[in-house]
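K.L.:
Residue-level listing of the chains:
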Amino acid sequence: AQSVTQLGSHVSVSEGALVLLRCNYSSSVPPYLFWYVQYPNQGLQLLLKYTTGATLVKGINGFEAEFKKSETSFHLTKPSAHMSDAAEYFCAAQGGAGNMLTFGGGTRLMVKP
Amino acid sequence: DGGITQSPKYLFRKEGQNVTLSCEQNLNHDAMYWYRQDPGQGLRLIYYSQIVNDFQKGDIAEGYSVSREKKESFPLTVTSAQKNPTAFYLCASSISGTGLADTQYFGPGTRLTVL
Numbered sequence: 006a007q008s009v010t011q012l013g014s015h016v017s018v019s020e021g022a023l024v025l026l027r028c029n030y031s032s033s034v035p036p037y038l039f040w041y042v043q044y045p046n047q048g049l050q051l052l053l054k055y056t057t058g059a060t061l062v063k064g065i066n067g068f069e070a071e072f073k074k075s076e077t078s079f080h081l082t083k084p085s086a087h088m089s090d091a092a093e094y095f096c097a098a099q100g101g102a103g104n105m106l107t108f109g110g111g112t113r114l115m116v117k118p
Numbered sequence: 005d006g007g008i009t010q011s012p013k014y015l016f017r018k019e020g021q022n023v024t025l026s027c028e029q030n031l032n033h034d035a036m037y038w039y040r041q042d043p044g045q046g047l048r049l050i051y052y053s054q055i056v057n058d059f060q061k062g063d064i065a066e067g068y069s070v071s072r073e074k075k076e077s078f079p080l081t082v083t084s085a086q087k088n089p090t091a092f093y094l095c096a097s098s099i100s101g102t103g104l105a106d107t108q109y110f111g112p113g114t115r116l117t118v119l
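Protein chains in written order, with this note's numbering: chain A, 6 to 118; chain B, 5 to 119.
These are computed hints drawn from the structure, not numbers from a lab. Some clues are possibly wrong.
Derived CB-CB ranges, DEER-like [stated by the list, open to error]: (1) B:Thr-83 x A:Ser-85: 44 to 50 Å; (2) A:Gly-67 x B:Gly-7: 21 to 27 Å; (3) B:Ile-55 x A:Ser-89: 34 to 40 Å; (4) B:Ala-85 x A:Glu-69: 41 to 47 Å.
Everything numeric in this text was worked out from a predicted model, so none of it was measured. Glycine included, C-beta positions come from ideal geometry on N, C-alpha and C.
Just chain A, same shape as in the assembly:
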């Protein structure tokens, strides 16, 4: 069975600083990987996804993520945080039976002025 682990339930950065949100997956088969963002009391919005091919994936709002098979990781980064990036971020993996999504526990990003 798939499992997804997001290290750090809360991450705080200063405005303009690098954002790094960590995601590791556990799977015998390399899965398809997704990052979603959720603003308070709203649904989830897709930031980016990895399927095949280039391991560095660019998404919306300046975010990108790199698939590293050897490390079973798919960390999300953004060079310079903006106040509007404050939200909860979810990593998810798809693969295995039924192609269902398995979500990590989420990381709440706080951006300090």
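Since the structure of chain A is provided, determine the placement of chain B on it from the hints.
P.N.:
Same frame as chain A, but now just chain B:
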């Protein structure tokens, strides 16, 4: 505009009552999903449907029921058998339920509180 709508946004339930959460999509997607979100636990799959008149249990189906009589609609009933129903409920859809790497699109959610 195409999208997913959920209603109501907030719902209050008394102990022992059944309540139904609405989910409608006009994206012409075949597959629809219901997730439950609790703080610190991410999203957990309750039920999913890959095609009209068919649905499967997810990881936490006990105390919930669904129907899929129309392609665009996938209502979720939270029954009195669900012992801890207070949570944020999210509905999602995707083009198909079997396509690899199909993106799931989410509705705005319904927050259910048991009084």
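K.L.:
Hint by hint, which ones does the structure fall short of?
P.N.:
Hints that this structure does not satisfy do not exist here, as all of them hold.
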